[in-house]
Every structure is written in structure tokens, then in C-alpha cells.
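Taken in sequence, the protein lines are chains A and B.
Residues in the first sequence are numbered from 0 upward in steps of one, following numbering that gives the first Met the number 0.
Residues in the second sequence are numbered from 0 upward in steps of one, following numbering that gives the first Met the number 0.
Mixed in with the good hints, there may be bad ones.
[What the hints assert, rightly or not] Simulated crosslink set (DSS-like; lysine-lysine; CA at most 27 Å straight-line):
1. LYS310(A) / LYS143(B)
2. LYS52(B) / LYS207(A)
3. LYS58(A) / LYS278(B)
4. LYS108(B) / LYS311(A)
5. LYS307(A) / LYS521(B)
6. LYS378(A) / LYS52(B)
7. LYS35(A) / LYS278(B)
8. LYS342(B) / LYS199(A)
9. LYS232(B) / LYS197(A)
10. LYS311(A) / LYS520(B)
11. LYS58(A) / LYS252(B)
12. LYS80(A) / LYS208(B)
13. LYS80(A) / LYS143(B)
14. LYS52(B) / LYS444(A)
15. LYS171(A) / LYS504(B)
16. LYS521(B) / LYS311(A)
17. LYS52(B) / LYS311(A)
18. LYS172(A) / LYS207(A)
Read the hints as simulated data drawn from the structure, not as lab findings.
Residue strings, one per chain:
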Amino acid sequence: MKRSSIQEVIPALHSIQHLSHPFLPQTESQIKTMLKTMNVSSIEDLYSIIPKELRFEGKLNLPKTHSEQETLRKIQSVLQKNVTTDDLISFLGAGIYPHFIPSVVPSIVNRSEFITSYTPYAPEVSQGMLQGLWEYQSMIAELTQLDLVNSSMYDFATTLGEAALMSTRATKKNTFLVPEYIQPERLNTLITYTTGPKLKIVTYPCDKLTGQADLEKLTSIIELKRNQISGVYIENPNFWGVIEEEIVQIGELTHDQNSLFIIGFDPISLGLLRSPGELGADIAIGDGQPLGLPMNFGGPLLGLFAVKNDKKLVRAMPGRIIGLTTEINSSNRAFTMTLQTREQHIRRERATSNICTNNALCALASTVYLSLIGPHGLKSLAETSLAKAHHLAERLSMFDEISSPHFTGPFFKEFVFTLNSPSLMDSFTKFMRTRNIIPGLSLIKDFPSLGSSYLASVTEMTTSSDMELFLDTVLEFFRTHGGK
Amino acid sequence: MTQFLNFLGHMEGNKVFKQSKWPKTLIFEKSTPGRIGYQVPELSSEEEKVLEKAKRTISSDLLRENSPNLPEVSELEVVRHFTRLSQMTYGVDSGFYPLGSCTMKYNPKICDTAASMIDAQNIHPYQPEDTIQGSLQIMYELAKWLAELSGMAGVTLQPAAGAHGEYTGIMILRKYHESQNNLAIKNEIIVPDSAHGTNPATVSMCGFKTIVIPSNNDGCVDIDALRSSVTNKTAGMMLTNPNTLGIFEPNIKEITDIIHDVDGLMYYDGANFNAIMGKVRPGDMGFDIVHFNIHKTFATPHGGGGPGAGPVGVVSHLIPFLPVPSVAYNSTSDFYYLNYNHKQTIGKVRSYFGNFSILLRAYTYILRLGQTGLTRVSEMANLNANYMKAQCARIDGFSVPYGENSSCMHEFVLSAKKLYKETEISALDISKYLLDNGLHPPTVYFPLIVPEALMIEPTETEPKEIIDDFIQVIRNISKLAYSGKKEDIQNAPINTSVGRIDDVKAARDPIISYRMLKKQKKN
Ligand SMILES: Cc1ncc(COP(=O)(O)O)c(C=O)c1O
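If we strip away everything but chain A, and leave its shape as in the complex, we get (with noise of 0.2 Å):
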């Protein structure tokens, strides 16, 4: 504070209106000061360029000002109306998952360095943030097989319309294939990000028994589009957590009309099964927040984005990328945002996206989670989840009452599940809520061909115990409930 100020500060102890707000620094004599300076008689008048009848001159009907205590109290008190999957035996995924957050990811996340500084503009002060997040894209580069990443997108949905929009950029045809069978709110995502590039959108189902792509329906598809397709899309393991055994042929398939082959993945899944870029994909998508981040109600997420190393490819991507350079004097390393003559702010109308503001500290934290997991630890996660899930499968199937796993392909962390008797899954659902379970997500709405099916999830999150528990609530219903 300066010397001058200490006078000002005694009356200001006497009527409290005047000491400024926390957030507020500048004092009453200061904006005097201020104001003389500028020739300006009144903070008003800073205002006079507006247009006095377009001027808002009533109570705006916002709360009050809160102090920090009333504020917290505030804010607890509406969020105990939460009840957390912590006091839930929850077997819900489809998208998000509860993974373990270890201690050490928030803390570095948190550091204030972090958390409040912009984009790396100014790269010379900006170096452990790029850092950060080049040894980000290095990582998921690792696990996807593919050596282009990029600094990061908001989720997954929006990713896949990017792909999406990569994929009529880099092959100038605009019809892009997606399993019907995909997250819907995956699918209405891309629905609307390819309405205004008039991109068409074909779907293609999936083998009722083995719960994988169709592999004769899609070829025949493939066979009426030809030269029209811009790329073909596939999760794997898929939404119904299933591994999809066909895709290497499928991504030939794709390659035979010069498309783009796009998979999806889960990040956590990549310590097991064959990465994307073995697989055959040109681009890999999928959500980061198994990686480190909480759920916090969806959002916010972590879109992944690789790309196989190819010029024309690099030119059509989306999003920010970060490089590895020198310094201009020297062979010192420094890190700076390159490539960026596809971005919006030199591109502008002809940008690759228009994203600017992106989910770099989730990069971060996923940086971070990978870095402590190491590959051996994301190997045994992924097998974790493997033998819970397939678990709980095998002691759902020896219900009568239970089909489970409803498809016979092979499954990693997910698997649906159907009550045999239809008309029993709205008490189904309200029992198991009464006893604080949340037997997985709900497929009647979106997919009611499948019955009254449940895709469920397991993570290392789900105790011997909590599964143990499910099962006995499932017999009990069962058993009041006159199961055939």
C-alpha cells in the first residue's frame, strides 16, 4: 500500500461503505486521483457515450452481496440436496466413469500458476504450462499409436463432430458413417455439428446377438455410398461395451474408397487392447476424464483428438497443438504454440474450427494421472475393470430372471444387461433406488428394441461388497417381486 494512503484509511474505519470490497483495490481518494487525471468528473460519465434510453436504470433482481461465510454456507446447503455416488452403489457409465483420483492430481492441478493463466500467448513465460501440455499430446500419442495430437477439446461429443469435419475437409466428400449404436447424446451432437457443412450421416446398426457392427449391412452401405464417403466411424469397445472383432476389416474396408477410419476409445482401455493406430485409424477420439478428472456432473470433460502423422492430414485438423523448438539465440528446447495458420484467429471464415478456448488444465490433470499410473499401473486398471465387470456379468447370469451379458461378443469394463420380464423394469429400477443402487443406465427410452436392458459399469471404484450387496437386493426383488 502506499505511504500516502495511511491518512485515508483512519476515515475510512469510521463508515464502513467506504473500505472497498475484497475484490475491489482501489480506494475512494484513488479513483478521485484518477478521475483528475483523466479530466473526468465522475465514474458516471464514463458512461456517457451510451445512449441514455437504452441506459438500464432499475434494480437488477440478483441476490445481495454475500460475505465469504454466508456465500459457502449458501452454497452448501443446496449442494447437500446431491446424494454423491459415494452414498450410491452406482453402475453408471455410458460416457463417464468414477475412476480413483489420486491425491497428487488436484494438488498440481490447483497450483495457482495453473489454474490462473491464459493460453500460452506469451510462450517465454508460459513454458511449464506447454510443457505440460506437449507432454500431453505425447502421452496420448502413446497410447493411441498415432503422433499428431491436440492440446485438447471439450468432450467427446463435440470431438466426433470435429472428426466428422475433418474428415469432408481432407477427402472433399460428405457422407460420414456412424453405428446407430452410439452414445444418442454422442449422435445428436454430430447431427447438429454437420447440419450447417451439409455433411450426411448415415448410420449402421449392429448384430443383434454379438452386439457388433453388422459387418454385411455395412459393406453394403459402403457399397451404395461409394465416392461419397467421407470417413466411417467406430467405437471400440463400443456403447454396448463391447469389443468390436471385425474393425481391422472394417477400417480396410474404409480405406478401399479413400475415407478417413475414425475410432473411439476409452483411454482407460488402451493398457489392454490394440491401439487405434495398430487398429488402422486415421484419426482416435474419445473422452479423457476416466483420466484423472471428476464427473462433476458432466462436465467439465476432456475431448481427445490424434491424428496419424500425414501433411494433409496435420493442415485439417482442429484445435490448438503445441511444439517442441529451440530458442531463436540457441539449441535451449522451448515449447510454443505452432501450426496455427488452421486457427481461427489468423484463418478466421476459413479456420479448420472456430475453438479458441479449450480444456487445457484437464490435459493437464490427465498429464499428470498418466504420469503416476505409469504403463504397467494403466495395464492393471484396465484389467481391473476387465474381471470386476465380467464378474458381475457371470453372477447376474445365474438369475433366471436375467440375461446377462445380453450380446455374446467379448466386453471390457461395460455390458448390458435384461430383465427378462419386461413389464418388471419400472419396479426394478424403484426398488434398487430405494436401497441407494443405481443398476446402470437405463436403455428403454433410446433403445427399446433391447428390451428392459441396463447398461451397467464397473470400475476398480466398485467394491467386492457393493457388488455383493447388488446381487442380494436383485434376490430379493426377485423374490418379492414374483420373478418368473
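With the hints as your guide, set chain B with the ligand onto chain A.
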């Protein structure tokens, strides 16, 4: 006295600020096989058996042969590596960050506290509605407050960032024209030449053509140019007000009338909302669609590039077009719920309902400041900017090409054109020298219509002393440049983790992952 000491500090070989210069060893290069930083709990023996069986269900050519090449490091090594990286990162908590258009204000810690509450974090978006009443209430109330602040009738909180808000807004505009059976004709959107790059990029993504109109001598929309560009093809116009020069468009009513006369819609880019809270509302200016940059105006941290949130507000006749779901409230049963019933919805623009933890921070911020506090925020933001503008415009070599003699709003654009012409010291040089003084530079070379542009936004949270320091450094630059002692400026920065960076090399031979680095080393 303070002034004098700082002044000497800056002059004397920049002794004030030194950033850490840790070696740029990659975490991959710190790897030692056999180390681990986090251990996954072991499986039970029963689960082990299941695992072997489960693995056999997957054919070997679909299993990964080699584990991904991630680093193998201990917990401390991870902590130390990233702590050092943080020490080579400059944030608002490190110092002054007057990056124009980005509103780098103080991010109150209370907002972090709120966002890290378990009751906020450990919630799955597909949980039953009766288990998410708290989250829904926060979203419902925040949407109402944002509607009130902007003069809009309905708000969606879904968009993930400002540009994503633009995308959502222009898709709403598109759907509106489609509903009027006008989409075949209405395919142009007007964007001023001073607009942010995301505006024209959004226009293209939504399938429209950008029509750029020039600014007039005051930096505002050239009304004649606007009139001659508007036709029945005009679907709408995107505008920032105050604009990217920090100037309030005085003819805004005329502009909105011109667009509305051809049944176009007015889109408000809310990046500069920090200037006008409680003073004037986009709705009252005639705008139909508004986005907010939560990570600017509402103090949520920018995290080195994101995440943010970009809620969108619309006038009442556009509410049916909002993305689904909206958050609704049944007062009879005192129950919040997700409403998918928007007949003409544009659909989904992302998964789930929005960047909740960011929205919660904004909710906290609004509570903390309240109605009078938010108005004061805008007043102080404008006061600080005008004070800086008045001082900087007087410095030799600098000028404010647009709005020199009138008040700006929360930011202004300084031009170093004269300094560059007379001393060859460019806006880029200035930005590097500021770094050596521990100050983050303003946005440079934007907006494109100002030569050697320095776009300065001090925000309301900076004390006058800091602002004075910055002005003093600009004065020093002018003095050094005109007295021929330019080396310190041209050689800057030297107090930062690295000196000037070879961007050309970065783009010519891109190395954007460790995989590429290894391949390059092999060759
Ligand atoms: C004027 C203006 N419009 C739009 C944007 C885009 O917002 P965001 O970065 O949140 O996507 C920005 C910020 O970068 C901006 O300054």
C-alpha cells in the same frame, strides 16, 4: 517513493523479476523402469481367476502387445516435475495480466473451494433427478441471473466456451430462419472487420457466408457500409459491444433496427460483458442472442487455455430453439428437472448439461458480489482502463487511434505505430520487454485494423499502484527507444524461463509428441 524505487528497478537491468529456469527435461526422460507413482488396488483371488477367463474371451490380435510407452516415475518425481513446470508458468496470481479481450481478473479462491466440494464433484450426470436437486438448483438459478443481467428471456448453460456459445447461438439463428422457411435465401452473416476470429469461423461452421464490413474512423460500425451490405440474404449480424477496440457502439439501436428490418437476428458476442453489468443490457440494445464468457466476466480461472463455459441467452421467441435439455423447476412440488420438451430445438451441442464445476464457480462469484457488487465491478473495470488510456496516450511514440478523445469501456487499443516507424521498436518487442519486468503483455496485433496494436484490459481487480508500474514501463520503453538504447528491448526477454523462441522452426519441422521426437532423433 514506491514509484521511484520501481522505476529504478526497471531501469537497472531488470532486477525485479526472474522466472525459474529449470532444465526442460521431459517427464519421459526421467523414467526409470520399475517405478510407479500410483498403485491400483489388487484383485481378489476370485477376481484373478475371472480375469484370466475374461482375457481369453478377447482374441490375441485385439490385445495390446506392448504396454504404452508412458513414463515410469515415483510419486515425488511427478510432484517435483509438475511443481517446476508451474514455476515456469505465469498466471494472474503471479502478476499483472492485462491481456485485452481476455478479462484476466483475480479468480477468487472461494470459487475453487466451492468447486472442489464432494457434493459437486462426485455426481454422475445420469443419476436420477431426485439425487441431483442441488446441482440442478444451482444451474436453474444461475441461468435466471444471467438472463436478468443480459435482458434475455431464456438461457442455456450448455456451451463449453465462448466460441461454443457462438456456435450454439448461430445454430439457433439458423433454426429460426428454417422455421420461417427462409433458410434458402438467408445465407449471409455480417461481421465487422474488428471482430474476433471465432465470429467468422463460427459463421462458416454453421453453414453461412461471412460478409465483412469495415469500421468507420471512430472504430465503430460504418452505418453506410452496413446499409449497403444488408440485403434480404442477411440472416443476422454478430457484434461485440463494447467492440474489440473497447468502444461502445453509440448507434447500436440503428444497427439492430437495420438488421431487424430484413428479419435478421442480432448476435451479441459477450466477451466484453465485464464493461456493462448493471449499466446497459444487450436485450435492451436490441440483441436477440447473447453469449457469456464465464471464464472472463465471472472470474472463473482460465487454466492455461480452458475449460471455460459459454452460456447463451435468447429473447422469448427463440426459447423453443434452445438445445435440450433445459433445467426447469416445478414450484408446486419444489422439484428441479431436466426439460427435453423444446419442440424446435437445435438438438444437442455437446454431451450432458454444461461445464458444471465452472458454472458453480460463477454462481459463487455472483453471490459473493451481488447486484451492487457486479455493477461496481464494471465501473471499476472501466475506470482503470480509462485511466491507463489517458496516461498511455500521452507517451511519445504511442497513440490511441480509435476513441482517443472519448471514454473507452473496460479496455482500449494502444498503437505503437509511431514508435515502430521512428525507432523500429515493435509491439512484439514491447511485449517481450514487459515480460522482463514481470508483467504479462497485452494482446498484440489484434484487432487487425490497428497497426502495432497493444490491446490493454487491466480489469477491476488491479490496484492503482500496479497499473502505474505498467504505465511507467511503457514510458521507459519510449525513453529507451528514442534515446537509442534499444538493446535491452530488442534482446528481451532475458528474465524468463526462455528467451525468444524459434517459431519458424517449430512450424517447419513440427515435433508435437515424444513419438515424433524419437523418430527425428533416429533419422
Ligand atoms: C471478442 C471475443 N469473442 C469470442 C471469444 C471466444 O471465446 P472462447 O475463447 O471462450 O471460446 C473471445 C476470447 O477468446 C473474444 O475475446
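Going down the list of hints, with the structure as the test:
1. LYS310(A) / LYS143(B): Cα-Cα ~48 Å, so violated.
2. LYS52(B) / LYS207(A): holds (24 Å)
3. LYS58(A) / LYS278(B): holds (10 Å)
4. LYS108(B) / LYS311(A): Given that 27 Å is the threshold and the Cα spacing comes to 45 Å, the pair is violated.
5. LYS307(A) / LYS521(B): holds (19 Å)
6. LYS378(A) / LYS52(B): Judged against 27 Å, a Cα distance of about 16 Å means the pair holds.
7. LYS35(A) / LYS278(B): holds (22 Å)
8. LYS342(B) / LYS199(A): holds (23 Å)
9. LYS232(B) / LYS197(A): holds (19 Å)
10. LYS311(A) / LYS520(B): Holds: LYS311(A) and LYS520(B) sit about 23 Å apart, inside 27 Å.
11. LYS58(A) / LYS252(B): At roughly 22 Å apart (the allowed maximum being 27 Å), LYS252(B) and LYS58(A) satisfy the hint.
12. LYS80(A) / LYS208(B): Since the Cα atoms of LYS80(A) and LYS208(B) sit roughly 47 Å apart, the hinted pair is violated (cutoff 27 Å).
13. LYS80(A) / LYS143(B): Cα-Cα ~20 Å, so holds.
14. LYS52(B) / LYS444(A): It is violated: about 33 Å lies between the C-alpha atoms, which goes past 27 Å.
15. LYS171(A) / LYS504(B): violated (30 Å)
16. LYS521(B) / LYS311(A): Roughly 23 Å between the alpha carbons, so the hint for LYS521(B) and LYS311(A) holds.
17. LYS52(B) / LYS311(A): Roughly 44 Å separates the two Cα atoms, so the pair is violated.
18. LYS172(A) / LYS207(A): violated (30 Å)
Of the numbered hints stated above, those contradicted by the structure are hints 1, 4, 12, 14, 15, 17 and 18, listed in ascending order.
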